[in-house]
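2 protein chains.
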Amino acid sequence: MDKLNNLSERELFPKGVKLPNDHFTGRAWLSMLVEDDRIFNCPIGNVSFEPSARTNWHIHQGGQILLVTAGKGYYQEKGKKVQVIHKGDVVKIPSSVNHWHGASPDSWLVHIAIMPNSQKGPVEWLEPVTNEEYNVISG
Amino acid sequence: MDKLNNLSERELFPKGVKLPNDHFTGRAWLSMLVEDDRIFNCPIGNVSFEPSARTNWHIHQGGQILLVTAGKGYYQEKGKKVQVIHKGDVVKIPSSVNHWHGASPDSWLVHIAIMPNSQKGPVEWLEPVTNEEYNVISG
Numbered sequence: 001m002d003k004l005n006n007l008s009e010r011e012l013f014p015k016g017v018k019l020p021n022d023h024f025t026g027r028a029w030l031s032m033l034v035e036d037d038r039i040f041n042c043p044i045g046n047v048s049f050e051p052s053a054r055t056n057w058h059i060h061q062g063g064q065i066l067l068v069t070a071g072k073g074y075y076q077e078k079g080k081k082v083q084v085i086h087k088g089d090v091v092k093i094p095s096s097v098n099h100w101h102g103a104s105p106d107s108w109l110v111h112i113a114i115m116p117n118s119q120k121g122p123v124e125w126l127e128p129v130t131n132e133e134y135n136v137i138s139g
Numbered sequence: 001m002d003k004l005n006n007l008s009e010r011e012l013f014p015k016g017v018k019l020p021n022d023h024f025t026g027r028a029w030l031s032m033l034v035e036d037d038r039i040f041n042c043p044i045g046n047v048s049f050e051p052s053a054r055t056n057w058h059i060h061q062g063g064q065i066l067l068v069t070a071g072k073g074y075y076q077e078k079g080k081k082v083q084v085i086h087k088g089d090v091v092k093i094p095s096s097v098n099h100w101h102g103a104s105p106d107s108w109l110v111h112i113a114i115m116p117n118s119q120k121g122p123v124e125w126l127e128p129v130t131n132e133e134y135n136v137i138s139g
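So the protein lines, in turn, are chains E and W.
Counting from 1, position 59 in the first sequence corresponds to residue 59 in our numbering; the numbering is continuous, with no gaps.
Counting from 1, position 20 in the second sequence corresponds to residue 20 in our numbering; the numbering is continuous, with no gaps.
Think of the hints as simulated: they come from the structure by calculation, not from any bench.
Quick reminder that beta carbons are idealized off the backbone N, C-alpha and C, glycines included.
Do not rely on the hints blindly, as some may be mistaken.
[What the hints assert, rightly or not] In silico negatives: residues of chain W with every beta carbon more than 10 Å from chain E:
| # | residue |
| --- | --- |
| 1 | LEU19 |
| 2 | ARG27 |
| 3 | VAL34 |
| 4 | ILE44 |
| 5 | LYS78 |
| 6 | SER95 |
| 7 | ASN117 |
| 8 | ILE137 |
[To be verified] Footprint (simulated), chain E over chain W, 3 or more residues, beta carbon under 8 Å:
| # | stretch |
| --- | --- |
| 9 | 63 to 77 |
| 10 | 85 to 94 |
[Said to hold, decoys possible] Pairs of lysine to aspartate or glutamate, EDC-like flavour, derived with a Cα cap of 20 Å:
| # | chain 1 | residue 1 | chain 2 | residue 2 |
| --- | --- | --- | --- | --- |
| 11 | W | LYS80 | W | GLU132 |
| 12 | E | LYS78 | E | GLU124 |
| 13 | E | LYS120 | W | ASP36 |
| 14 | E | LYS92 | W | GLU132 |
For reference, chain E alone in the conformation it holds in the complex (with noise of 0.2 Å):
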């Protein structure tokens, strides 16, 4: 299993802050290397999830795009199945779509989170995935 200092030294962009459990199950940690505003409409954020961590459910009004930078991980948009991802990965997430991401059990996910079209609307954030939910794919 990746250990938490390891994988920080390696890691391309600082870690940044915890993140609130408000929106996340466990611990995940945020580097926005690009604030939102109107003339780039595209915030971008480095994100690290600690093994088991994963972000609720959410909505982005215009689509996100996840590049896996380290790890291993879990996508699922709702109703489908979870697909598994790894580091090199490209994850493109429609806009409108239902869906969460965040760390294997067995390991570190480390993901750049691009929110482009972002004039359309923040963030929708839902209900937290349920252990039932995320041991669908890990139990």
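Add chain W to chain E, keeping to what the hints say.
Relative to the frame of chain E, chain W by itself:
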């Protein structure tokens, strides 16, 4: 100096295809991570430059964001000083700004290039960066 094969092996994304020299000086490679479409309005490419390779001067109508993932290079906006860029740097290039980017003479440069607001129009390619312009910093 980074060697071609070593850098390739370490890299996050595939090096992709060699770019034609219409808009580049020296050898550069492109791997498209996200193709342009009207869902994301945000094509994304991974670009690798050998030492001294660089783009022509060019303009993005919707702006561009560079995430430097390996090596060392240069970024310059027309009429301003050249900036040195390294792994981990984020470069925000506003819309309609004439600029170029590329590797330093002693290192490869690899960056993710994000083109938000692509509905505003294609890249406008201009003249090559001359050796005189390039050597201002490296000579």
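Practice item. Report holds if the minimum CB distance from W/LYS78 to chain E is greater than 10 Å, and violated otherwise. Key: W/LYS78 is indeed farther than 10 Å from all Cβ atoms of chain E, at 18 Å.
Point to revise | Agreement of E/LYS78 and E/GLU124 with the hint, judged by alpha carbon distance not exceeding 20 Å | key: holds (14 Å)
Exercise for review: Could you check that no beta carbon of chain E comes within 10 Å of the beta carbon of W/LEU19?
Suggested key: Holds, since 20 Å exceeds 10 Å.
Review point. Minimum Cβ separation between W/SER95 and chain E greater than 10 Å?
Key: Answer for W/SER95: violated, closest chain E Cβ roughly 7 Å.
Exercise for review: Take a quick look at W/ASN117 and tell me if its Cβ sits farther than 10 Å from every Cβ on chain E, holds or violated.
Suggested key: violated (6 Å)
Practice item. Mind verifying the non-interface call on W/VAL34? Its CB should be farther than 10 Å from each CB in chain E. Key: Violated: least Cβ distance 6 Å, not greater than 10 Å.
Review point. Straight-line Cα separation of E/LYS92 and W/GLU132 no greater than 20 Å?
Key: Status violated; Cα separation ~42 Å.
Review point. W/ILE44: least C-beta distance to chain E exceeds 10 Å?
Key: Non-interface label on W/ILE44 violated, nearest chain E Cβ at 7 Å vs cutoff 10 Å.
Check your understanding: Is it true that the CA of E/LYS120 sits at most 20 Å from the CA of W/ASP36?
Key -> Holds, because 18 Å separates the two Cα atoms, which is no more than 20 Å.
Review point. Going by Cβ atoms, does W/ILE137 stay more than 10 Å from chain E at every point?
Key: holds (24 Å)
Point to revise | Assertion that chain E covers the stretch 85 to 94 of chain W - criterion: three or more residues, beta-carbon distance below 8 Å | key: holds (count 5)
Check your understanding: Is it true that the CA of W/LYS80 sits at most 20 Å from the CA of W/GLU132?
Key -> Measuring from Cα to Cα gives roughly 15 Å; hence the hint holds.
Checked against the numbered hints above, the structure breaks hints 3, 4, 6, 7 and 14 and satisfies the rest.
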